[in-house]
Amino acid sequence: MIQKKICMLGAFAVGKTSLVRRFVESIFSDTYQTTVGVKIDKKVMQLEGTDVTLILWDLYGDDDFQRIRWSYFKGAAGYLLVADGTRKATLEKALDLEERARKEVGAVPFVFVLNKSDLAEEWEIDSEAEAKLRSRQWTVLRASAKNGDGVEEAFMELTRKMMR
Amino acid sequence: MDSPLPQFLRELGFVLLEHRGDGLFAFLSPQPAWLNSLWNLSADFHQGIAITEKSPFLENFLVEADAFWASHQNGLCESETWIETSDTGKEVPLKAIALQFDGKRVLALHSPEPQFRERVQLLQTARNALLEHERLQREIQKKEILLHCIIHDLSQPLSVMSVAFDSMEEESVSERGKGLLALGRKATDQQLSMIRDILQVFSSDLKASLAGMDTSEAAPNLLVSARTVHASMSSVFASKNIQLRLDVPDDARLNWQVRGESSRIERIFSNLLENALRYSPPESQVTIRLSSDSEYVRAEVDDEGPGLPKDLPPSQIFSLFSKGKEGGGKAGLGLYFCRLTVERWGGSISCESLPTKGSRFWFRLPKASAVEKARTEKTKPITAVNDKGSPKKKSHPMRILLADDQDEIRLLTTNQLERSGHSVLPVANGKEAFEAARRERFDVVLLDEDMPVLGGLQALKAIRELPKESVPKSIIALTGYNSEPDRARLQAAGFDFVIGKPFRLDMLERLLGGDTGAEPNKIAESAEPPKAQGSPFSNVLDRVGGDEKLARQMVATFLRDTPPRIKGIANAAQQKNGSSLASLAHALKGSVAIFGAVEAHEFSERLQEAGRRNDFGEAASLAKQLEEEIAKLEANLRGYAGRERSRATGTRSKTKRRHSGPKRSS
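As you go down the protein sequences, you meet chains D and B in turn. Take the first sequence: its letter number 35 is residue 35 in the numbering used here, and every next letter is one higher. For any residue, its number in the numbering used here is found by taking its place in the second sequence, counting from 1, and adding 1000.
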């Protein structure tokens, strides 16, 4: 059985826990519950006929109250970098975290997820900013933990990258 | 002797596991049920536990723990909290500590449930507050954008009306028509004033600008403002059979200069007086009273009305949309504006019921300190200002590029500018403006800020990047966003001047240098009186740096434009058209200032004030005296200009050389 460790990285309240819950348990809660500490889940998914067990490290959001410990990335095969499409500041935070991750743990595959795509009217990250992300040769996906759009695809795409 | 630490830790609820090597751990303490449930252990599990298989988190932590144990350091190595889920679905927070005692490598585990819940609650509250703060900021930002859009849209039709009135005034209109025009002009000005008030009250940009000192003028005099408002509102009070009194200590030594800005101080007085008028019964008095101490100047407005509602605290009376008990006010903005403005200047405002009858509304403002005065004097007015200096040697006519997407504005402004002798190329957007500027060099480019295809700011940037010889001398922004921060923003973006729309064409004319020449800012905005030195022509010559040709052109412009203005002033005084009188007198005041015509300047200023106050008691007599002074000035300039012309003949070639700039065609 192939196992791959994945970390969830992003600012607080971008929906990291919600994405994991949607992916693992297919559930979603509208109430924001902040993550304190680390929670680890597992999910087996099939990629081109092969079972891959994903060990999902749902890390707390990095902010002034809790700083990310980069030791959690030990053994990680990839990470989901998450921003909230309705809060532009979380994009800046994600860019900062990506830079720090590169310095601390080297070049690890990741997928950039712009979460909360269901809130189109409140969307703050314009197409120009999104295009800039893509111009860095990053995989950028819009997703919604609320309705499930793009969630499976994000984890699948990351798994593909990790398996290469 | 065994260490007392294990016993101590057990009593604290820690589970102790000894690292036996090969990744296996053995219990040093009884197995707690919660751990059995989490790791699916039997109650009497005596074999070594492969912890890394039980908990991926501990697998990760053991790397740090191994390093700690290998270092043989004292103390301990502590993990962060992680959460594991029991077979019943319960989430259990856990914490691990690596330590050593009695030569053993020990892992102590515990579940800090109460502390963890407390921490979660704390962080939840903090992050919720941050999210709410972000949400409010976004909301405020959206509302400000919406407000600016609304203000802009409301201003646009006024632009059309204003320019249309300008044009119609120049047509042959019957006396009745002129009266209707004045009425229309007055209504337009009133609506513009209301729009500005709304913007002032709501715009956080304005609040930000008010947070500092208003530097648009020297320290204002509260007594002068009180007199101005008293004079302008007395007739309104009289019409309701209410006497408006001004009660000021008779002491010439008192200093009434305060922190603030005179037009807004007058607005504060007006709002308080309107409020008093609303609640005053006929046959009563309203009194404006001023007093002064070492630090503040205080103003009171006393009425003899019913007094304040008992259940309404003063703070609420000055809050947003407060309308008083009877709802006698309008939108509930007036007193809110007063409080906002007074407090921004470091003052205070409140109200109280008087002992017998009536109420008192009062405010106090800090006296202007010498430092502030010095700072204020150093600062130039922001309206239609440029700090880079104006086009100092300007002659008419000019080649002007006008970019505005509104057909009416474009058509009418073009018409007006052409009537003034300028040659105008009108275009409908920034892109066309840029292309025109690339083909031809213009003296002045007027750019509307909001245009399709390419906006004013982008067009400005593109034009500024043209080769130096193609860049126009002045680029002026026409904007519907006419708050001070907006003007400052546009200036900072690189516009030489900023004109808020709707604008009066006479203002634009002055800005373009039509009759003010060297320093349009000062002439248009400054109240600095002229100094009588030398002849009128030498004064103007001095102002334009000895450029005789330009000085003669200014004289010619003055001689051409002044007679209709004098006539207009006389008509406005006769027809009691305050706004027209103030506007024409203001324009003339600027013109005569450059010739050092002290008396004419004084009469113009008094007429301007009379027009603003709608006080026509002396207007006709002042207009007559002004006409006489102007006649003297015209006679002097005609004669002097003639002498200069002959004298200048010998210097013509020099003058031509000095004017080696682009040729201006009409």
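Some hints here could point you the wrong way.
[Claimed, not checked] Under 10 angstroms between C-beta atoms, here's a sample of chain D residues computed to sit facing chain B:
1) F28
2) S29
3) Y72
4) L119
5) A120
[Unchecked claim] In silico negatives: residues of chain D with every beta carbon more than 12 angstroms from chain B:
6) K39
7) I40
8) D51
9) G75
[As the list claims (entries may be wrong)] Within a straight-line C-alpha distance of at most 20 angstroms, the following computed DMTMM-like cross-link-like pairs (lysine to aspartate or glutamate) qualify:
10) B/K1367 <-> B/E1435
11) D/K42 <-> D/E122
12) B/K1468 <-> B/E1435
13) B/K1461 <-> B/E1435
14) B/K1142 <-> D/E121
15) D/K88 <-> B/E1139
16) D/K4 <-> D/E153
17) B/K1095 <-> B/E1132
18) D/K74 <-> B/E1283
19) B/K1054 <-> D/E153
20) D/K43 <-> D/E25
21) D/K42 <-> B/E1059
22) B/K1095 <-> D/D51
23) B/K1142 <-> D/E25
24) D/K161 <-> D/E25
25) B/K1143 <-> D/E152
26) D/K146 <-> D/E128
27) D/K42 <-> B/E1091
28) D/K88 <-> B/E1132
29) D/K43 <-> B/E1080
30) B/K1186 <-> B/D1166
31) D/K161 <-> D/E98
No lab work stands behind these hints, which were simulated from the structure alone. Glycine residues also receive a C-beta, built at the ideal position from the N, C-alpha and C atoms.
Status of each hint after checking the structure:
Given hint, D/F28 at the interface with chain B, is violated; its Cβ is 17 angstroms from that chain's nearest Cβ, farther than 10 angstroms. Interface hint status for D/S29: violated, as the beta-carbon distance to the closest one in chain B is roughly 14 angstroms, over 10 angstroms. For D/Y72, the shortest C-beta to C-beta distance to chain B is roughly 6 angstroms, which falls under 10 angstroms, so the interface hint holds. For D/L119, the interface hint is violated, since its Cβ never comes within 10 angstroms of a Cβ in chain B; the closest pair sits about 12 angstroms apart.
Given the 10 angstroms rule on beta carbons, the hint for D/A120 is violated: about 15 angstroms separates it from the nearest Cβ of chain B. Against chain B, the non-interface label of D/K39 is violated: not every CB pair exceeds 12 angstroms, the least being about 4 angstroms. Its beta-carbon lying about 5 angstroms from the closest one in chain B, D/I40 breaks the requirement of being farther than 12 angstroms from that chain. The claim that D/D51 is not at the interface with chain B holds, since no C-beta of that chain comes within 12 angstroms of its own (minimum 18 angstroms).
A beta-carbon of chain B is positioned within 12 angstroms of the beta-carbon of D/G75; the least distance is around 7 angstroms. Taking the CA atoms of B/K1367 and B/E1435, the gap is about 53 angstroms. The hint is violated against a cut of 20 angstroms. In summary, the hint linking D/K42 to D/E122 is not supported, as the alpha carbons are separated by about 32 angstroms, beyond the 20 angstroms threshold. For the hint pairing B/K1468 with B/E1435, the CA-to-CA distance comes to about 15 angstroms; that is within 20 angstroms, so the pair holds.
With a C-alpha separation of about 13 angstroms, the suggested pairing of B/K1461 with B/E1435 holds against the 20 angstroms cut-off. At roughly 13 angstroms between alpha-carbon atoms, B/K1142 and D/E121 fall within 20 angstroms of each other, so this suggested pair holds. Straight-line distance between C-alpha atoms of D/K88 and B/E1139 comes to about 14 angstroms, which keeps the hinted pair within the 20 angstroms bound. The straight-line distance between the Cα atoms of D/K4 and D/E153 is roughly 17 angstroms, inside the 20 angstroms bound, and the hint therefore holds.
Under the criterion of a C-alpha separation no larger than 20 angstroms, the hint pairing B/K1095 with B/E1132 is inconsistent with the structure, at around 31 angstroms. With a C-alpha separation of about 88 angstroms, the suggested pairing of D/K74 with B/E1283 is violated against the 20 angstroms cut-off. Between B/K1054 and D/E153 the alpha-carbon distance is near 29 angstroms, which puts this suggested pair outside the 20 angstroms criterion. With a CA separation close to 9 angstroms, the supplied pair D/K43 and D/E25 stays within the 20 angstroms bound.
Distance restraint check for D/K42 and B/E1059: the Cα-Cα separation of roughly 15 angstroms lies within the 20 angstroms cut-off, and the hinted pair is therefore satisfied. A C-alpha spacing of about 32 angstroms is found between B/K1095 and D/D51, which places the hinted pair above 20 angstroms, so the restraint is violated. With a C-alpha separation of about 37 angstroms, the suggested pair B/K1142 and D/E25 falls outside the 20 angstroms cut-off, and the hint is violated. The suggested pairing of D/K161 with D/E25 is violated, with an alpha-carbon distance near 23 angstroms, which exceeds 20 angstroms.
Taking the CA atoms of B/K1143 and D/E152, the gap is about 37 angstroms. The hint is violated against a cut of 20 angstroms. For a cut-off of 20 angstroms, the pair hint linking D/K146 to D/E128 is broken: about 25 angstroms separates their Cα positions. Between D/K42 and B/E1091 the alpha-carbon distance is near 15 angstroms, which keeps this suggested pair within the 20 angstroms criterion. At roughly 15 angstroms between alpha-carbon atoms, D/K88 and B/E1132 fall within 20 angstroms of each other, so this suggested pair holds.
Under the criterion of a C-alpha separation no larger than 20 angstroms, the hint pairing D/K43 with B/E1080 is inconsistent with the structure, at around 24 angstroms. A C-alpha spacing of about 13 angstroms is found between B/K1186 and B/D1166, which places the hinted pair at or below 20 angstroms, so the restraint holds. Annotation: proposed proximity of D/K161 to D/E98 holds, straight-line Cα distance about 16 angstroms (limit 20 angstroms).
Violated hints for the displayed structure, listed by number in ascending order: 1, 2, 4, 5, 6, 7, 9, 10, 11, 17, 18, 19, 22, 23, 24, 25, 26, 29.
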